[in-house]
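Full structure from sequences and hints, please.
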Amino acid sequence: MPSHQLIDTYAAEISAEKQASVMGGTSSGTEKRYNVLFNDYPDPDAIRKVAAQIKQHTLDHLDTYLAQAEEQLTANGANVHFAETDQDARETVLNILQQHGVKRLTKSKSMASEEIHLNPYLVKNGIECLESDLGEFIIQLDDDVPSHIVKPIIHKNRREIANTFLKEGIAQDYNDDPETITRRARTHLREKYFQAEAGITGGNFVSAESGRMVLVTNEGNARFGMAPPPVHIALIGIEKLVPRDQDLGVLLNLLGRSATGQQLTVYTQFINGPRSAQQPSGPEHMHVVFMDNGRSDILASNCKEILRCIRCSACQNVCPIYRQSSGHAYRATYGGPVGAVLSPLLAGDKFPELADLPKASTLCGACREVCPVDIPIPDLLLRLRDRAKQEKIKSPGALPMAPFAELATSPKLWRTTMTMSKAMNHLPLHVAPIKPMQAWLGQRTLPRSTGGDFRKWLKKRQD
Amino acid sequence: MNHTQDTPCSSAKHQKVLLMGTCLCDAFYADAAKATVEILEHLGVEVIFPIDQTCCGQPAFNSGDWKSSRKVARHAADVFAGKLPIIVPSGSCAAMHRHGNPLQFEKEDDLPVIEDMGRRTFELTDFIVNELGITSWPGKLDAKIAFHHSCHTRGTGTRAAATTLLNAIDGVQLVEYGQKEQCCGFGGTFCVTFPNISGKMGTLKLDNLLDDQPDFLVSADLSCMMHLGGLAEKQNRPITYRHVAQILLASLKGVTP
Ligand code: SF4
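These protein sequence lines are chains A and B, in that order. Position 213, counted from 1, in the first sequence is what our numbering calls 213; the numbers after and before it change by one each time, with no gaps. Basically our numbering = 1-based index in the second sequence + 1000.
Rather than coming from a laboratory, the hints here were simulated on the basis of the structure. Heads up, a few of these hints could be off.
Result set (DSS-like, lysine-lysine): computed pairs, CA atoms no more than 25 Å apart in a straight line [as the list claims (entries may be wrong)]:
id : chain 1 : residue 1 : chain 2 : residue 2
1  : B       : 1107      : A       : 389
2  : B       : 1144      : B       : 1071
3  : A       : 394       : B       : 1067
4  : A       : 392       : B       : 1107
5  : A       : 389       : B       : 1067
6  : A       : 49        : B       : 1144
7  : B       : 1253      : A       : 459
8  : B       : 1071      : A       : 412
9  : A       : 304       : A       : 412
10 : A       : 392       : B       : 1067
11 : A       : 460       : B       : 1016
12 : A       : 460       : B       : 1253
Derived DEER-like restraints, expressed as beta-carbon distance ranges [to be verified]:
id : chain 1 : residue 1 : chain 2 : residue 2 : range
13 : A       : 301       : B       : 1155      : 36 to 44 Å
14 : A       : 421       : B       : 1144      : 30 to 38 Å
15 : A       : 249       : B       : 1041      : 53 to 61 Å
Examples of chain A residues toward chain B, derived with CB under 7 Å [as the list claims (entries may be wrong)]:
id : residue
16 : 230
17 : 362
18 : 385
19 : 418
20 : 447
Predicted, not measured: the structure shown is a model, and the values here were computed from it. Don't be surprised by glycine CBs; every beta carbon is placed ideally from N, CA and C.
Here's what the structure looks like:
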């Protein structure tokens, strides 16, 4: 068994270039968020608490709100589907596409679709599937996976992207100017939009009261992707509901600010249903696929608060472990603090494979401090650590705690041990074959032991 | 020792307190514990140190071995039984009593006892400023200090309390530094199971903290200091670090901490 955790090994081996990209992108994200929130609101924390209540209330009454949303969406002319597992969700989407005879489509950024690996599945079934978000488009070209919820290519720099464009024939010459890169991608994508027979999107919120669905983007790609084709499919986790339209006021104000430091994202779409008779364009068919994929189990667990998440990425940006290791180190769709909770839970039976994720935290609490829906992430990480221990999942480098507890409940032995710890001052610790000691000394020196001195001093004063 | 008949903390506000010395002070930082006793006494508080105390149980708790950590917490609850406030020179142990323990005892019958212990526990400077109401400090010390905001004091009264007291010392200059919200990378057993990340985080923290060349690195948590100080020494940029109590005491005595 290795003595270090996997994520630590990943951080030790990450290229300097990749780490610099991640560090730069996340640090600026944290700073922008802070500036805009504290500039705009006297007490952003109060708003976070309200947002948390809205989302928690929704989760506590999810059955009711799902039924209401279904009713409203249907009344608005949309077709509503429910998918229990990832397999169900993939098949549901494929069936819809086949029903409409779709052979090619564009897709805007959707973490839900990443979660169920929708793209490779559709491609395997003969459907051309083009990512229209610039970051996701580059990921697709590179055959890479996103490493961040909001900025999927946060781990890449513009030189790499320029090279990819050259290699893939998107560009005829090397140019790493961000504006040029964007323009080139746009030109390439524009043509594809018109060929698409369907547009797949995610969904940021759905109001149960009206069935109104909200989509936010900064590139307008979701909007554009929905204009030409006759079919729109929205793949949405069941936790994305809010009770009323007015709740969106609170959540949208927090989402843009927390995610990218914007007061509002450039495009905020409200979609009521398929195109109405009075509308000049838009898809004639709208399908909403509500996906469970393990969420009901999470709802029944002691980590249900994680379902409040609105995927803003503020916790990823502020997280020192994420910054050092990148999202890829987490080996799952969701990395960083949110992922360290959500990914092992979504893994279901495969929980043991990702049981190391909740350990990748100093429990510093920075994530909780920035989370717009006040998810007590450190508490949830701790609960998952407890679960891993109860399920007897091996953990690299873990120190045996039962002997420690024995010592810490035997006061006399404790005092003797403390006094004896002074002997350490005279031992060649750097050659001691004790792994944790070596892990400590590899990075740091150890202070001199003063074991027993304080108690002696106290006693002397009393005598 | 039996403290059950002692004065409740509501009446005769805090004339007597129980000191929780912490395992780190027991093993490495005797001077910080002594300073804690001396400044409390200077404020007219009688300090009782229950000798059977050991550790708050945090190492086991953070590792996920809650069976072990509950055992340690129950021992602490016995040792610190009664109605007296429990004062601890560590934001992290205070957070364990106040927040960690109730979490791990959620489904246990003795939750009320554990919660009561949590409510009685105060980090030292939080206690001095927010319970005793003391915001001035009649000491003198000419020193540039970088105060490290330990993570377990996030959202607690300690951050403002400790800086209030330090700022009140004549001659002390608190330096500003970048990325205050970032953790130092200690994290308990994290520092040995994620040594690379821990080291990198600590190095970044040091870069920020030492930017303005402070004379002392000070914190309400010695665990962070032990990690950062050891890291700095290993990197050949040694820095003198102290617990905030040591600064307060030295300023009263007019000596170098
Ligand atoms: S857990 Fe909170 S901070 Fe992290 S992505 Fe979700 S909403 Fe944002």
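> Failing hints, ascending?
Replying inline: Numbers 2, 6, 9, 13 and 16, in rising order.
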